[in-house]
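Participant: Chain by chain, the residues run as shown.
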Amino acid sequence: MKKNRNVGIVGVGQSVFSSHREDVNQPEMIQEAVAEALAHAGITMNDVDCVVHGNMELFEMVHQPDLWHTLGSGAFGKETLRVTTGGTTGATLCCVADNLVASGLHDVVLAIGFEKLQEGHTTGGITNMADPLWARQLQTGALTGMTAAQTIEEFGEQRAKKAAMRYRILMDKHAMKNPKAHRRLGLEFDQAEELMTNSPALVGELRMIHMCSQSDGACAMIFASEEKAKQLRKNPAWIKDHLTVHREESFCIFGDAPVLMSHRYAAEKLYARNGIADPLKQIDVFEMYDPSSWWGLDWIREFLLLKGDEHLRMVENDAISLTGTFPINPSGGVIASNPIGATAMVRVAEAALQIMGDAGEHQVPKTVNQALASGFGGTLWSVLLLLTREVPR
Amino acid sequence: MTAKADSFIVDGKLALPYQYFAGRTGSRFLIQLRDQKKIQGLRCQTCDKVFVPPRSTCVSCGAKIADHWVEVKNTGTITGHTVIRYEEPHQPVKPPYILALIKLDGADTPLAHIVKGIPLTKVRTGQRVQAVFAKKTTSSILDIDHFRPLEEKPKIELGYSYEALEVGMSASFTKTISETDVYLFAGISGDFNPMHLNEEFAKLTPFGTRIAHGALPQSLIAPVLGMKLPGLGTVIPEITVRFRKPTYFGDTITAIGEVAEKIDARKWVRMELRWLNQKGELVAEGSCLAIPPVPLG
Chain A
22 MKKNRNVGIV
32 GVGQSVFSSH
42 REDVNQPEMI
52 QEAVAEALAH
62 AGITMNDVDC
72 VVHGNMELFE
82 MVHQPDLWHT
92 LGSGAFGKET
102 LRVTTGGTTG
112 ATLCCVADNL
122 VASGLHDVVL
132 AIGFEKLQEG
142 HTTGGITNMA
152 DPLWARQLQT
162 GALTGMTAAQ
172 TIEEFGEQRA
182 KKAAMRYRIL
192 MDKHAMKNPK
202 AHRRLGLEFD
212 QAEELMTNSP
222 ALVGELRMIH
232 MCSQSDGACA
242 MIFASEEKAK
252 QLRKNPAWIK
262 DHLTVHREES
272 FCIFGDAPVL
282 MSHRYAAEKL
292 YARNGIADPL
302 KQIDVFEMYD
312 PSSWWGLDWI
322 REFLLLKGDE
332 HLRMVENDAI
342 SLTGTFPINP
352 SGGVIASNPI
362 GATAMVRVAE
372 AALQIMGDAG
382 EHQVPKTVNQ
392 ALASGFGGTL
402 WSVLLLLTRE
412 VPR
Chain B
2 MTAKADSFIV
12 DGKLALPYQY
22 FAGRTGSRFL
32 IQLRDQKKIQ
42 GLRCQTCDKV
52 FVPPRSTCVS
62 CGAKIADHWV
72 EVKNTGTITG
82 HTVIRYEEPH
92 QPVKPPYILA
102 LIKLDGADTP
112 LAHIVKGIPL
122 TKVRTGQRVQ
132 AVFAKKTTSS
142 ILDIDHFRPL
152 EEKPKIELGY
162 SYEALEVGMS
172 ASFTKTISET
182 DVYLFAGISG
192 DFNPMHLNEE
202 FAKLTPFGTR
212 IAHGALPQSL
222 IAPVLGMKLP
232 GLGTVIPEIT
242 VRFRKPTYFG
252 DTITAIGEVA
262 EKIDARKWVR
272 MELRWLNQKG
282 ELVAEGSCLA
292 IPPVPLG
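Heads up: the sequence lines are chains A and B, in that order. Residues 22 to 414 (my numbering) make up the first sequence, in order. Residues 2 to 298 (my numbering) make up the second sequence, in order.
FYI, nobody ran anything at the bench for these hints, they're computed from the structure. Heads up, the beta-carbon is just placed ideally off N, CA and C, and yes, glycines get one too. Careful, some of the hints might be misleading.
What follows is a list of derived Cβ distance ranges for each label pair [to be verified]: (1) B:Thr139 to A:Met282: 30 to 38 angstroms; (2) B:Arg125 to A:Asn149: 27 to 35 angstroms; (3) A:Glu269 to B:Val133: 24 to 32 angstroms; (4) B:Ser57 to A:Arg157: 12 to 20 angstroms; (5) A:Glu269 to B:Pro90: 22 to 30 angstroms; (6) A:Asn149 to B:Lys136: 57 to 65 angstroms; (7) A:Thr388 to B:Pro90: 25 to 33 angstroms; (8) B:Met170 to A:Lys328: 39 to 47 angstroms.
Go ahead and model the full structure; you've got the sequences and the hints to work with.
Facilitator: Written out as structure tokens, the structure reads:
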């Protein structure tokens, strides 16, 4: 991995995330995020060289939505690219923007991820993912009870269920501090027992309360070359590295072999080439793509290369809370807001805001020198972005 | 078009038919299944992996493997499972049904298929299953109609081994001794002594009525030692008994065996034996040596 030049994030914009945005059509919703990102960067569309646009294919039943969306994206007359890599779309948009600027092709790139899940049929789209001949029957959309079953098997029913619910409630407490978040339920820890028993079961012990929302929303980010970024703002968030790991979409190709090895594999590779020997010490905040609290819980161990029950203890002792030693998802995460094509970009955007110190009420109470953001898509596709406060050397 | 406050919602519906080309490799798998009732996989010689369902290139090393067909068994092991409960028009069978990942013997990757013949709640990872071929072909993976549990040899569960036995462990067997039991025992042993069979004669004996043969209640220790403690596979080389009270017709006798001593030198145990009647009176007492089960065969 060698970068031609440094790339800084100079502007972040997010629409309000909600289950229903009947008040705006797609380009109008996108415009909300674009306008906010431009304002945050202190520029206008005239300063943007290229627009990268993405969402989940098939989700709103609009073919080539980027054409229509020119009305809201401001892409008219600009160079454009469209990216659609499923759940990872938002993170891939950031990787593409980083590549476009780092290569020297463009100085300022606007990336836009969006989804209006309320308009289409999410599961209808997702279930069309796998090989129709052999694996189509296995695809269940985003719902899988496997991680719940495995965590319960490994740590016992009570401890596993309590940890998953504590994770869920911590995320809600974060979302309560994020005015853009979709689900702000006001959960309290003393509701845990009731919720883990009575929330409707989806698959096994994966219950409604554990699962991410279906949201409408858009996210826009502005990427600039080092020279431009330094002109535009004092505190850009710099992209130190990004990494994508993917494999065929079936969960269980080698039977009972470790299922989500793509996360751990990606983390190992990213840390190795960025001199991160102790992620818990060297990373200050982590915005994780956590589609459910079971996955969120389990993936702490994968992404941070932990062993045994360390990840459970981090949840049990609130280390992952906004004020904890290793804050995860100060924004409330994917469980709180999930406009899928934007979701993975929101992880990067929120990590960037934490570095800039611009996250508002959910800003972590410490200097963020290094932040990690993850994207997840399909069944085994991991994207990681590493952001820094200092210009990477 | 539906109205919601000041914002209209436009309703629409798309039906999207599609077809999918299985390709020559996938088709050959299906043809073998249809015409030969054989399940084949493709083997990567570099990685030493057999892929079922087949794939033309190895996922790990990228080598072209489309010509390296190998036959795998129609038996296999469940490596993952779920129960499908929702109903949709395209499903091959009516829910609820078990959908499992089955690693066939000789393959390294699992095949997704339906499992029947196991209660929905009893399916487990590690379960051995066998393919049941469809009577009519559909030229699809459903030429295997489903998998069913593989019938395994009945498992013999032996009793406690010497190592598992502890001093103080006990077991018992209880039975009511009837006139029929005594008559049958007379026939088995040839002991037609009138004190067991002739009430008028028995009235003249010190007991004043018929009593059971002493060996009849004594024999009730056999199910304790042979089937409970130590249990199946036990050999009894020595047994001694002292009779304390007679057993009358209609008495309910409990035979009790208790481990009294472990004899490490021989890996035998000495057991104390007691026979009680329904009043709790000691009918007989004794002891035995028991050779606890060792693995059969």
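Participant: All hints are to be evaluated individually against the structure, with a verdict given for each.
Facilitator: Taking the hints in turn, this is what the structure says about them:
{"no.": "1", "hint": "B:Thr139 to A:Met282: 30 to 38 angstroms", "in the structure": "36 angstroms, holds"}
{"no.": "2", "hint": "B:Arg125 to A:Asn149: 27 to 35 angstroms", "in the structure": "31 angstroms, holds"}
{"no.": "3", "hint": "A:Glu269 to B:Val133: 24 to 32 angstroms", "in the structure": "28 angstroms, holds"}
{"no.": "4", "hint": "B:Ser57 to A:Arg157: 12 to 20 angstroms", "in the structure": "19 angstroms, holds"}
{"no.": "5", "hint": "A:Glu269 to B:Pro90: 22 to 30 angstroms", "in the structure": "27 angstroms, holds"}
{"no.": "6", "hint": "A:Asn149 to B:Lys136: 57 to 65 angstroms", "in the structure": "31 angstroms, violated"}
{"no.": "7", "hint": "A:Thr388 to B:Pro90: 25 to 33 angstroms", "in the structure": "57 angstroms, violated"}
{"no.": "8", "hint": "B:Met170 to A:Lys328: 39 to 47 angstroms", "in the structure": "41 angstroms, holds"}
Violation of the numbered hints given earlier is confined to hints 6 and 7; the remaining hints are satisfied by the structure.
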